[in-house]
Structure formats: C-alpha cells, structure tokens
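Take each chain as given, in its own frame, and dock them per the hints.
Chains C and B supply the protein sequences, listed in that same order. Using my numbering, you'd call the opening residue of the first sequence number 1 and step up by one each time. Using my numbering, you'd call the opening residue of the second sequence number 1 and step up by one each time.
Just so you know, these hints were derived from the structure itself, not from any lab. Fair warning: this is a prediction, and the values are worked out from it, not measured in the lab. Just so it is clear, CB atoms sit at the ideal spot from N, CA and C, and this is done for glycine as well. Hints may be right or wrong, so weigh each one.
Stated by the list, open to error - Some chain B residues close to chain C (C-beta under 7 Å, calculated; not the full set):
1) 188
2) 190
3) 191
4) 198
5) 230
What the hints assert, rightly or not - Sample of chain C residues lacking proximity to chain B, with all beta carbon distances greater than 10 Å (derived):
6) 20
7) 22
8) 24
9) 29
10) 38
11) 47
12) 51
13) 57
14) 77
15) 78
16) 81
17) 100
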Amino acid sequence: MDEPLSGSEEAMMREPPGRPDVLRRIQTLLVESLQLNLPEHELRGVTRLSEIAGVDSMAAVVFVAAVEKEFDMVIEPELLRLDFIEDLPRLAAYVEARHRV
Amino acid sequence: METLNTPVLTVDDLLWFLYLYPLRVLSALVPRGIMYSIGRLFQVRARKRRDLATRRIRTTSCTGILRDRAPQIADNFLANSAIRMLDDLVLSWPSFPRKLRCNRIQGLENLEHGRSAGKGVILLTAHFCAIRVARRYLAAIGHPILAVRDETQPGDWWGRFGRRMLAPRRMEFLQAIIGESVSIQDPECALKILRRLRSGGLVNIHFDGQSGTRTTPWSFLGTPRHFSTGIFDLVRLSECAVVPMLCLGRSSAFRIEFGAVLDIVRAAGRDEFLRANLPAFVETIEKQIMDYPEEWEQWMSL
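Excised from the complex, chain B in its bound form (with noise of 0.2 Å):
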C-alpha cells in the first residue's frame, strides 16, 4: 500500500524499468549468450540475496542436501534465477518458438497413461526455473497446459513511480509469456479447471504456491508450510490423473520429465482425501527440489 514515506523511485523500480523497455528491445536484437552475460548485472544486490538463500538452504533438513553445499547451490540458484527472468523475455517475443531448444522429453508414456482414463491431467510441479519455457515447449508441439497463477503484486517493490507505471506493464507482460492461464483471483478459476479437465486438458499447478483460501500446513523441506487444498478438492471431484512434472535448464537447452502417475487413494469424504494424499504430493515435490536445489526459484520465501 502507497504511504506518505513512499519514495518517489526505488531500486526496484529502476531495475524493472530497464527489464521492461530497454533489456527487452536488446533480448530481441543480441544472441542469447550475451543477454546471459548481461544478466549478471541484474544481480547487483545478490550478495544480501546469496547469504539468505544459503541460510534458508542450511536451515532446511533435506537429508539429500549438505550444509557445505550450501553456498554453491545459492550461487547457482541466483544465476538461475536471472537467467529465468532472460529466458521470459524470450518469450516476450513472436519469434520465440524457433528459440526454444527442448534436448529431451522423458516419461511422455506417463502423460499419455494419465491422459488415457479422459479425465483430464493435473500436471504437479514446483516453481523450478525453466518451467514457463517447457509450458510453451509443450503447447507449441501439440499439448496445451492451462497454468494456474497468482497474480498478487509483491506490495514492497515498488515507489510510487513504479507502483503507477510498472506494475500494469509488469502484469501485461506476465500474462503475454505465459500464456494460457487462469488466476486464482478470478472467480470462476476453479470451474475453467474443472473445465479444462473433464475435456481431457492439462491443467499446471505449482504445488509449492503458499496462495488460497483453504491452505493446510504441513511440513516442507524441514519447515512448517501452508498447502492449498483446492488441488485435492478438484482431484477428488473430477477424478483426474495427476502427473509430476519437472522442466529442467533454459531456453536454449531445456528437458522435461513426466514421472509416473501418481496413485490417487480414494478416500471419500474432503478432509479424508486430503490426510491419504497431502504426503505424497509433498514428497513428490520435495525430491524434485532435493535432486536440483538450485533450479528451484522459491529459496528465498521458503
């Protein structure tokens, strides 16, 4: 919320602005490579941001990942994370899928079993790096995935200049790379899920996501977490199949991996359903993060 002491520009602010115009029009005219290179410069404030990341790290109780690793994994989460935000400007642009270089798919067999019942597939991921990339990967060559998204602007970012011209422009370009998406803020999200489903489609929620008006806690990664139950909520009444998803890289050399259907317990009441099923989506998740720590974007909310 904007008060008196609100400052007219913030560092954010001026980092958004260039992301905006300038690094965009240049994401379109430079190779890739450079634009990672210039990249870099985004991280101009990393070093606050590498010490947090690495203590949030050490402070999880993943048996998968060792304390000394910590520092390591915090840098390479950083690079990531900017070369992310490189790759998004990729997709900014009409061009982008003659960009998008996709080494492997694995486990396809999976989505098509899950596929195969017609009720439609929840794809289960985490906030992993290259996930928008794959999203319109796999929409490009025949499988279009409705995203779930929250679209809940991060209120302490922005001075005023910002908060009046950068965040509708922030938002527009959001929804321009994305892609195919419904917001947990509209009203009807769960019906265009439910939708989507029953006509056999693809629906992509980040399971990680802290945002919904039922959530229920659970431990994650050795910390207290608040899941959202409306995943389950949809999984029971529309029978749907879930599929674990990891996409893994960036734009210029990415691979997804479809892992087995996940066995559903049938339990039949809401709060049944969710106690028989709660575990295994974290566990699910949980080794994704635990197998590549630093393609994992959500470190620093964690």
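Chain C on its own, in the form it takes in the complex (with noise of 0.2 Å):
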C-alpha cells in the first residue's frame, strides 16, 4: 500500500508537471551521477530511475544528492522514497514548486 502524501508532496503534486529543461536537466543528472553509458536520444525517454537495468538501491541515493547540489536544495526525508524519486516527471515538479517557493 502506497504511504500516505506529506503536506509538502501534496503542494507539490498541485504544480503544474515540470518544465522540460528541468526534466532534462535531472535526465542528465542520472546519465552523469551515475555514469551510465546511455545515448541521448534513449535518454530522454527515460521517466522512470527503475527502466535502467542496474540502476540499485544506493544508485537512487547517488542520484538524491546529485539533484540536491545541483538545484542547491535538500529534500524532505519523507520524500526519500523509491516510488517518489525514481518518478523523473514528479521529481521535476518538485524542484521547479521548490525552487518557485
């Protein structure tokens, strides 16, 4: 069963979805955080961190903060789920509504 939305993920999930540059932006965050050996075009239809084979536990938390420093933010630990962060649309949302605030 899906844990229940924070507050903050609920403000969020009223945003608008992302704007694509951000979205882009966090695609290539995954390529180089993770040094996949991906191509550009595969990369971009990438939306979710589970439809790269390899990608494991402590790849999200790579992932996590490589977001984090390149947006300048930290996110909530109660977001610090897989459902939450390997959602690349949502996750876009999310900083674009962070970064808005």
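This is the structure:
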C-alpha cells in the first residue's frame, strides 16, 4: 500500500508538471551521477529510474545527492522514497515548485 | 537450491526445529544459567567446527593473536556462539528488556559528539556476539538504532522439511529479535538509511559483512576480503559521523564501548573517498577483533 502523501508532496502535486528543461537537467544528472552509458535519444525517453538496468538502492541515493547539489536544495526526508525519487517528471515538478517558493 | 538429492531431513533441520520450538519455550521457563548449560548440547558437531576455527585463526596474520592461543580462542568462540543463540531466545520474548543486564556503557560522549552535527551517526561494528543484545538495550534506553541486515538464507543447511517449514519461521524469528532493521535486499535500503541519518538518527552497519552489489578487495586479518562500498557512498553523501561500537559479553552481563568519532577524509570523488577512508575502517574493526577474538562470530566464514 502506498504511504499517504505528506504536506509538501501534496503541495507539489498541485503544481503543473515540471518544465521540460528541468526534466532534461534531471535526466542528464541521472546519466552523469550514475555514470551510465546511455545515448542522448534514449535518455530523453526515460521517465523512471527503474527503466534503467542495474540501478540499485545505492544508485538512488547517489542520484538524490546529485539532484540536491545541482538545484541547491535538500529533499525532505519523508520524500526519500523510491516511488517518489524514481518518477522523474514528478521529481522535476517538485524541484520546480521548490525553486518557485 | 533443492535438488532430487536433497534429503528430507538433515541434522541442521532437527537442531533448528529444537531451537525454534521446544528450546524457545523452555527459555521462558528456566533460569538463564540452565539455558546456557543446555546450549552446550548444540555443540554436538563442535569438534569439526573447532578444528576449522582453529585453522582459520592460525592462518590469520594478526600480530595480536599468538598461534598457541588459537585452540583456546576457538573453544571460547564456539561457547560464545552458543550463548549468542540462547540470548537470541531471550530477545524473542516480550519481557526481554527486564532480562538485559548492561554492566557498563563507555564512551557515550563519543556518541553524543557524533550526533551533535545533526547529520546522523553510522555505528561501525563487526559481527560480535553481544551486538543484538546491546542494540535492543540501547533502543530501550532511548537510542533507537536502525540495523542493516542481510536476509540471504544459507542454502546448504536445510533438507526439504527445513526449507519448507523452518526457513520461513527462522526468518520471522530473526526479524522479531533484531528489531528495527532494513534488509540489504530491500530496493529502498539505502534511501531508508539516508532518511534515518538525515533525521539525526543512528544506523548500525556490520563492516565485516561480505554482502553488497559493489565491493572492493582489501586485506583483512591477513586474508583477502571484499568490502561493500555502499557505506562509503552513504558517509560521503550524507556527511554523517562514524562511531565505532564494540559490544561484549552476554545478555546477563554485557558492556558497550563507543570509540572516538572517526576522522573522515572528505575527498570529493567516489573512488578517492573510498581509497582515503577504507584503511581506517578496516583497521578499526581489525583492532576490535584482535582485542576480543573469542567474541567475533565470523571465524568460520573468514
């Protein structure tokens, strides 16, 4: 069963989906932080972490750290869940919403 | 894996059945001293284990362990392993907090120092016999610890009966006695650890475990060993403190020592960080093992 949404996540979900450039930056970060060998055209189609073979639990943490560093923010502890982190458009919307505040 | 040659029942099946059912019930009824005596019955196959442990201890090149002491250490190691299994039975009953007798906690100021930065603490340990008892005790006095555990089932123990009937029961039993834990097989394992650290909490990692998807070879007690690199990624990215913890004794008399916060070299890259800090982590637990070899549980898997 999914965990209930937190306040910050609810606020984020009301936001429109992240701008394409934020999503693109996150996709690029994914490749760079995990040192993936993924061509550009394939990368743009990736919307979930689990679509990439070999991405494990630690990779999710490395990716989180890269996103936080790139966007100069700290993701709330309650959002450090795989179902949230691996959904790249949702993550992009969250990052954008946090930057707008 | 079960094959056509897998026996219906093995000696281990029988011992695990006795352990998980009659002995567990008995542990609630009889004094602990009597239980520790009964524990010797579980050493019916101990001669082979003793010989193997003695050989392993002798083959290590630890300067602190004299070769002549190896048989004595092996004897004590086997006795302590049996006591640890009986202490697990103690932890399986709801009344366990009343039964734990901690003689001393040393270095609590080191733990507080580690926590003071608010970025959480990884308690660096090796597989010592009293670790589960100590963790549950610390949780009971206000220091809850998230334990990281490997749920891989030993494949060569079980017969058909054990695999079907006892292996799942053993797993439930372990989950109950270990308390708050996260399995390394959990896809969210590292995120759960990070979550705990970011809330300023404590996470216990057995650094001498050989599990993990990414490992690096290094000399350990004079033998080659593969260490999981995950802990270094977590320390680097979370900037948490690392405090060595040593737990010695048995449930009726144990002590806990927190060592000084490790000096972490803040190298930027993943590989640089690993290279800069791995030796200190290994030296820390090697020293614990050399100081108390009879209380370390892993001689058989060295």
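Tested hints:
1. Given the 7 Å rule on beta carbons, the hint for residue 188/B holds: about 5 Å separates it from the nearest Cβ of chain C.
2. Because the closest C-beta pair between residue 190/B and chain C is about 4 Å apart, less than 7 Å, the hint holds.
3. The closest approach between the C-beta of residue 191/B and any C-beta of chain C is roughly 5 Å, which is under the 7 Å cut-off, so the hint is satisfied.
4. The beta carbon of residue 198/B is positioned within 7 Å of a beta carbon in chain C (closest approach about 5 Å), and the interface hint is therefore held.
5. Taking 7 Å as the C-beta contact cut-off toward chain C, the hint placing residue 230/B at the interface holds, the least distance being around 5 Å.
6. Once the 10 Å rule is applied to beta carbons, residue 20/C is consistent with being away from chain B; the minimum gap is 26 Å.
7. Distance to chain B confirms residue 22/C as a non-interface residue, since its nearest Cβ pair spans about 22 Å, more than 10 Å.
8. Non-interface status of residue 24/C relative to chain B is upheld: no Cβ of that chain comes within 10 Å, the nearest being about 23 Å off.
9. The claim that residue 29/C lies off the interface holds: its Cβ sits roughly 14 Å from the closest Cβ of chain B, which is beyond the 10 Å cut-off.
10. Listed as outside the interface, residue 38/C is consistent with that label: its C-beta sits roughly 19 Å from the nearest C-beta of chain B, beyond the 10 Å cut-off.
11. The beta carbon of residue 47/C sits about 18 Å from the closest Cβ of chain B, which is more than 10 Å, so the claim that it is off the interface holds.
12. No Cβ of chain B approaches the Cβ of residue 51/C within 10 Å, the least distance being about 14 Å, so the stated non-interface status holds.
13. Residue-level check failed: residue 57/C sits 4 Å from the nearest beta carbon of chain B, not beyond 10 Å.
14. The beta carbon of residue 77/C sits about 5 Å from the closest Cβ of chain B, which is not more than 10 Å, so the claim that it is off the interface is violated.
15. Not every CB of chain B lies more than 10 Å from the CB of residue 78/C, the least distance being 8 Å, so the non-interface label is violated.
16. Not every CB of chain B is more than 10 Å from the CB of residue 81/C (nearest about 7 Å), against its label as outside the interface.
17. Even its closest Cβ contact with chain B, about 23 Å, leaves residue 100/C beyond 10 Å, as expected for a residue assigned away from the interface.
Checked against the numbered hints given earlier, the structure breaks hints 13, 14, 15, 16 and satisfies all the rest.
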